[in-house]
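Chemist: Take a look at the letters that make up each chain.
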Amino acid sequence: MKIYRFFYLLILSILPINATALIEVDITRGNLNPLPIAVSPLSIDENSRENFEKILKKDNIGDEISSVVEKNLKTSGLFNPLNKDAFLQAPEIANLKPRFEDWNLIKAQALITGKVKYVDEKLRVEFRLWDVLAGKEMMALAFTTVPTNWRRVGHIITDKVYERLTGEKGYFDTRIIYVAEEGPKTKRVKKLAIMDQDGANNKFLTLGNELVLTPRFNPTSQMVTYLSYFRNLPRVYLLDIETGTQEVVGDFPGMTFAPRFSPDGKKIIMSFAKDGNSDIYTMDLENRIVEKITNHPSIDTSPSYSPDGKYICFNSDRSGYQQIYIMKNDGSNVKRISFGKGLYGTPVWSPRGDLIAFTKLHKGKFYIGVMRTDGSGERLLTENFYQEAPSWSPNGRVLIFYRETKTDDKGEGFSAKLWSIDLTGYNERLVNTPVDASDPSWSSLLSN
Amino acid sequence: MTRSILISSVLHTILVFITAMSLPFLAKKPINLPPIISVELIQITEETNIPFAPKAKKILEKIKEEEKKLVSEQAPPKKVKKIKPDSVPMPEDKVDKVKKIEDDKQNPEKIDNEVKQVSEFEKDELFDPDNIAALIDKSKIESSESVKKTDEITQDQDKNFKNLGLSLSEEDALKAQIFGCWSIPLGLPYNENLLVRIKLQLKPDGTIINSEILDHARMNKPGQGFYKVLAESALRAIKLCQPLRVPTTGYERWKELQLNFDAREMLEG
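Protein chains in written order, with my numbering: chain A, 1 to 448; chain B, 449 to 717.
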């Protein structure tokens with residue numbers, strides 16, 4: 001038996017083995033075109049439709065929610081929601097089992113279906129995300145909430161879809177706080193205002209009796225810090241958006257600028273002038289102890305923490321011109337990172353930690369740009385007559401800033417509006433506000 | 449009596465023998481041999497070794513002597529100073545060199561002088577329209593034959609192709625097609641090892657029989673959300689692109705393909 005085995009192996013080893021190497025092709029490029037996606041209207045039964053019509057004064061809440069999702073996806077610049085007129089399958093049937101051939105025919109690569117129901121005086125929304133080309137379900141979720149929260153449901157659905165298809169968290173269930181401005185430039189009334197990231201649900205938080213400046217969101221909660229002038233003295237406030245309670249952090253003499261939270265929300269960092277010199281300070285919100293971080297005869301302003309809290313970026317004119325610097329959180333190892341032509345200001349560290357956004361002034365024009373944290377890879381995203389104060393979306397993909405434009409040909413009068421731009425620099429959009437707006441700050445995700 | 453019987457039998461035996469010998473099939477024809485030709489085996493060398501005719505020999509010897517004279521009259525080779533490779537030429541030297549080159553360029557007369565005067569007879573030899581036509585015709589035939597040869601891939605050639613990859617143009621065509629179909633998920637981090645390898649089994653027309661993610665287990669591991677997103681986008685691209693732009697020949701070598709999707713270059717910007 002052993003001999004047979006031996007001979008068998010011998011024959012096998014002698015036989016020529018036809019080894020073919022598998023051909024490998026490296027795909028290192030793709031297109032950056034928006035992904036074609038079909039957002040089917042959420043189906044709704046007649047009883048639920050009538051109930052929601054009474055409560056929300058909306059004819060079909062299913063259509064309204066899907067419109068919110070569609071608009072969000074379109075403004076992201078990464079998706080191309082297809083025209084509903086081209087849809088071949090009715091929403092009621094598509095929600096149960098989509099006919100992928102029909103959706104493939106209109107070139108959809110992903111499909112969102114769902115249904116809305118009135119359950120125990122609440123709004124119940126189910127949605128499903130389908131991969132049309134693979135013909136399979138990618139995600140299915142259901143939410144129950146009070147009917148008035150229907151817009152948020154739309155934002156949450158968008159966040160989930162965005163995360164599932166792009167790999168990063170969304171930024172749709174968020175708010176933006178800004179300074180609403182009215183009146184002539186010499187007698188401007190400035191109020192604190194808040195709205196959803198898409199411009200809906202706008203609310204004014206202050207009456208406009210006092211000048212308000214630089215509101216900034218706490219990265220961990222719905223708390224806001226801002227600067228207001230009380231009897232011509234700068235005062236830093238804390239405002240809880242959820243409860244509406246407000247408290248004074250402290251009065252600071254001289255010029256005080258841009259208070260901003262640390263990543264853990266336990267400190268605020270700001271710059272103020274003391275003995276004629278502007279330096280960077282932190283204040284512990286629990287014990288109100290103020291600590292001086294920089295000690296330099298030049299003007300140091302606009303501090304912003306890195307997401308891990310270990311570093312701070314700020315601007316300073318210690319080199320003769322206003323440039324961006326980074327240092328450790330204790331003020332050591334100060335290093336200049338901007339070396340381009342022009343003046344650099346308002347540096348803001350990305351929540352992803354990889355980039356720093358800034359405003360640049362060069363040859364009379366203002367630019368919003370980004371650079372890596374070592375100062376390399378500077379990219380100017382947008383250019384205009386006057387624009388500044390970029391603020392990052394919580395996923396670090398989009399920047400919101402304000403831009404002032406002349407309102408007539410003579411250059412008389414001006415208008416300030418909020419604009420957003422993504423990191424590609426191609427997707428620039430006006431964010432609608434009821435009045436003029438400046439100094440925007442983006443909140444973290446509400447649903448976290 | 450016995451004597452007569454004996455004589456009769458002897459005579460009969462003789463008669464039978466003579467008759468048998470005279471039968472036609474027993475008669476042997478003489479062999480018709482061809483005339484013998486003597487063949488001399490000569491070992492052929494590369495150069496002919498035929499002795500010259502006495503007149504020609506004398507003329508050739510004269511020519512050889514003249515050539516020898518010419519060689520001896522030539523000047524000995526110049527001793528050129530070896531320039532050290534490390535030595536850097538001075539700017540003046542450089543200028544001289546440039547001038548020389550310029551001179552050469554701006555002296556087309558020299559080239560004209562080198563053009564040979566050709567006699568009418570030689571011209572005829574050089575320009576023969578019939579020959580040229582024949583050459584053109586031949587080249588046409590040759591090219592058509594070569595095209596035929598390249599088109600027809602024999603089984604042996606196909607076997608030889610098995611171990612070869614795609615040619616550059618074939619690979620480029622396939623890449624260009626997939627580049628157009630692949631919507632890169634822009635939210636992926638560029639500093640993580642996100643390489644999706646997909647093995648495809650293809651039909652001769654480029655449609656996909658089967659697609660398999662080689663590191664499939666990674667898709668369902670916790671914390672590998674980015675990998676899953678990238679893998680799904682790659683699968684979508686392949687499905688959207690099919691039938692793939694594969695070569696028209698050599699199915700055996702590309703019936704199985706591996707595509708490596710790597711978005712880092714694009715994401716890094």
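There may be inaccurate statements among the hints.
[Stated by the list, open to error] Label pairs and their in silico Cβ distance ranges:
1. N384(A) x R693(B): 41 to 49 Å
2. A624(B) x E182(A): 49 to 57 Å
3. N658(B) x H362(A): 25 to 33 Å
4. S376(A) x R693(B): 48 to 56 Å
5. L233(A) x G673(B): 28 to 36 Å
6. N658(B) x T424(A): 30 to 38 Å
7. G425(A) x S615(B): 33 to 41 Å
8. Y426(A) x D620(B): 25 to 33 Å
9. S447(A) x R645(B): 31 to 39 Å
10. A665(B) x A200(A): 24 to 32 Å
11. M667(B) x Y426(A): 25 to 33 Å
12. K647(B) x E291(A): 25 to 33 Å
13. A665(B) x D317(A): 28 to 36 Å
Hints are computed from structural coordinates only; laboratory data are not their basis.
The beta carbon of each residue, even a glycine, is placed where N, CA and C say it ideally should be.
Chemist: Tell me the hint numbers this structure goes against, listed in increasing order.
Modeler: Hints 3, 4, 5, 10, 12 and 13 not satisfied by this model.
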